[in-house]
Amino acid sequence: MPSRNVLKQQVPDSYYHVYARGINKRKLFREDSDYKYFLCLFGRYLSENPVIGKTGVVYPNYQNKIELLAYCLMSNHFHMLLYQTDIPYLEKFMRSLMTSYSRYFNLKYKRTGSVFESRYKAVRIDQEAYLRHITRYIHLNPRLWERYKHSSLRYYREGGEPIWLKTGKVLDLFLSRQKYMEFVADYEETHSVLNNLKYYIDDK
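First residue of the sequence shown: 1, per this note's numbering; consecutive thereafter.
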């Protein structure tokens with residue numbers, strides 16, 4: 001039986017909540033350097049210009065096709081909010097990202113086989129209300145979310161985001177950064193909305 005939320009059809013000019021976890025729920029990120037490498041892959045594939053590797057290979061560039069709006073890297077899974085301008089670039093970007101990280105992880109930890117449990121899963125976000133709430137869900141994943149350093153929340157709070165992170169589409173829905181942070185911190189409303197999202201989001 002096909003897995004729920006495995007993306008079957010892509011739509012241009014659309015938002016997607018994308019997530020994946022480690023095989024058998026094992027850790028994807030064992031050290032700080034693993035988180036940093038994953039972020040470097042965002043820079044590799046979403047930079048303004050194509051990146052050339054040490055061996056001269058030119059990596060695919062999805063700068064004008066995919067926008068990363070929010071992310072949270074947890075020890076055994078990750079969440080991202082992506083905006084796709086054209087198809088099938090969501091699929092191409094995720095294949096590049098996950099394949100590159102798998103190679104890095106297996107080489108570093110001297111292992112073979114799958115790093116991720118399965119193909120990534122994705123949910124199309126087609127309502128503005130859910131667009132607001134899904135970013136809050138992503139940023140609230142860590143228990144100590146306000147101080148968590150492996151998510152995009154600090155860029156929403158303070159600015160200074162890297163070129164590969166686009167916070168504008170979400171922040172434009174709020175009057176200010178402070179209003180967004182107040183929205184994230186509103187636990188009572190968060191829990192109510194998350195109950196409605198449970199059908200769309202697999203348990204971690």
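Incorrect hints may have been included.
[Said to hold, decoys possible] Derived DSS-like pairs (lysine-lysine); straight-line CA-CA distance at most 30 Å:
id	residue 1	residue 2
1	K36	K92
2	K65	K36
3	K179	K54
Since the hints were derived computationally from the structure, they do not count as laboratory data.
We went through each hint and held it up to the structure:
| no. | hint | result |
| --- | --- | --- |
| 1 | K36 <-> K92 | holds, 22 Å |
| 2 | K65 <-> K36 | holds, 23 Å |
| 3 | K179 <-> K54 | violated, 44 Å |
In terms of the numbered hints stated before, the structure departs from hint 3 and from no other.
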